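A.B. asks: As given, the protein sequences belong to chains A and B, one line each in that order.
60 is the number that the working numbering gives to position 60 of the first sequence; each next residue is one higher, with no gaps.
80 is the number that the working numbering gives to position 80 of the second sequence; each next residue is one higher, with no gaps.
Hints should not be assumed to be uniformly reliable.
If chains are identical, the list can't say which one is meant, so a pair holds when it fits in one copy or spans any two.
[Claimed, not checked] Derived lysine-lysine pairs resembling DSSO-like cross-links, with alpha carbons at most 27 Å apart: (1) K21 to K180; (2) K2 to K113; (3) K180 to K43; (4) K145 to K113; (5) K145 to K102; (6) K113 to K5; (7) K180 to K5; (8) K102 to K113; (9) K145 to K21; (10) K112 to K5; (11) K112 to K21; (12) K145 to K180; (13) K142 to K2.
No lab work stands behind these hints: they were computed from the structure.
Note that the coordinates shown come from a computational prediction; the quantities given were computed from them, not determined experimentally.
Protein chains: 2
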Amino acid sequence: MKLLKEHIRHSGRVIGNDILKVDSFLNHQMDIGLFQEIGQEFKRRFAENKITKILTIEASGIGIACITAQYFDNVPVVFAKKFSARNLNSEVYESQVFSFTKDAHYSIRVDKKYLTPNDHVLIIDDFLANGNAVLGLLDITKQAKCEVDGVGIVIEKSFQSGRNSVLEQNVRLESLARVKSLVGETITFVD
Amino acid sequence: MKLLKEHIRHSGRVIGNDILKVDSFLNHQMDIGLFQEIGQEFKRRFAENKITKILTIEASGIGIACITAQYFDNVPVVFAKKFSARNLNSEVYESQVFSFTKDAHYSIRVDKKYLTPNDHVLIIDDFLANGNAVLGLLDITKQAKCEVDGVGIVIEKSFQSGRNSVLEQNVRLESLARVKSLVGETITFVD
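So that you can see chain A by itself, here it is in the shape it has in the complex:
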């Protein structure tokens, strides 16, 4: 997706050889016009699918998921919660995720009411690196016995293991920008 790659080249900042900061438009400050283009691109790629629900994870997936849902006939968006909260229903699907960013395990949870075997789910997230968050969401959809029509990612770090981990689950993966390498200040894309 050309516009997205332009944003990444123009505003992304490389730290070391593995961190790409895009917090000026994607995951701290959010560029809503760009999000609309991203949502429309996801719709183009999953146009043949009868999506009934978009599943994401707090926090930075939520904005992308909500804007994207508008191009899928306003299907509901469900976000997995990362932390135990007192007033979360005890009837939840739960999975364990390891975060390299925070160097800690956490649990993600979705209330059983909001995922059913009749659902055709599109999983949306902002980043795919080691894939742990997406694997956690896939684990939850398995528990819920719903159909996963695909995973839509805004930026994939293709030099990390997430892509293969997701594909090994026999799930369709669409990443709008695939980063091949981060060297110095140079961002290289796949293709």
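Position chain B against the provided structure of chain A, taking the given hints into account.
C.D. replies: For chain B alone, coordinates are given in the frame of chain A:
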């Protein structure tokens, strides 16, 4: 806002005399059609203001804020982050917030790059109860010396102290549904 009150009456669940669960449409599963109506209502109420940025806090404010931004000429949305992350820039505005839901203090942070003295900010959040999250966001806007044109809340629990705490800061507050009391299964609104 009539449609919102109908959703609350129809799908809200009361726990004890102070917890209102609306996670079927607002803060776990999200009803995007309703969010569009909420966004348009915020636009009507702040139609005279030249908003340049929407500020919210992770996680459940993000969806509402992103959909709402579309009706304010796609102004950028900035969300305050709740937890320290390794790759967050050290140049941040920071405030301390106490969460009654989680019975814990946490810090909220916004990168200094994303709030400037030229900004006219609309603060958006899903709930106003004791007001601690909004007061934290107001503290951050003070540090950034930006103008706050108002605070837009989806559901206000008017029997708690948040409303007064916000108004004491001389900030305009617009709550789309004001809950007067929660008794048994009965939800009563102000007016």
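A.B. asks: Would you mind marking each hint as holding or not holding in the structure?
C.D. replies: Hint by hint, here is what the structure shows:
1. For a Cα distance limit of 27 Å, the shortest separation of K21 from K180 inside one copy, 15 Å, qualifies, whereas the shortest one across copies, 44 Å, does not.
2. In this assembly of identical chains, the alpha carbons of K2 and K113 lie at most 27 Å apart only when taken from different copies (26 Å versus 38 Å within one copy).
3. For the homomeric pair K180 and K43, the shortest alpha-carbon distance inside one copy (25 Å) is at most 27 Å, but the shortest distance between copies (42 Å) is not.
4. When the C-alpha separation of K145 and K113 is checked against a cutoff of 27 Å, the pair qualifies only within one copy, where the shortest distance is 13 Å, while the shortest distance between copies is 44 Å.
5. Taking CA atoms no more than 27 Å apart as the test, K145 paired with K102 passes in neither setting, with 30 Å inside one copy and 31 Å between copies.
6. Proximity of K113 and K5 under a CA criterion of 27 Å is satisfied inter-copy only: 22 Å between copies versus 38 Å inside one chain copy.
7. In this homomeric assembly, K180 and K5 come within 27 Å of each other (Cα to Cα) only inside a single copy, at 12 Å, whereas the closest approach across copies is 49 Å.
8. Only between protomers do K102 and K113 lie at most 27 Å apart by alpha-carbon distance; the minimum there is 23 Å, versus 30 Å within a single protomer.
9. Proximity of K145 to K21 under the C-alpha cut-off of 27 Å is restricted to the inter-copy arrangement: shortest distance 26 Å between copies versus 35 Å within a copy.
10. In this homomeric assembly, K112 and K5 come within 27 Å of each other (Cα to Cα) only across copies, at 25 Å, whereas the closest approach inside a single copy is 37 Å.
11. Taking CA atoms no more than 27 Å apart as the test, K112 paired with K21 passes between copies only; the shortest distance there is 15 Å, against 34 Å inside one copy.
12. Neither within a single protomer nor between protomers do K145 and K180 lie at most 27 Å apart by alpha-carbon distance, with minima of 34 Å and 40 Å respectively.
13. Within a single copy, K142 and K2 get their C-alpha atoms no closer than 34 Å, and across copies no closer than 38 Å, so neither meets the 27 Å cut-off.
Checked against the numbered hints given earlier, the structure breaks hints 5, 12 and 13 and satisfies all the rest.
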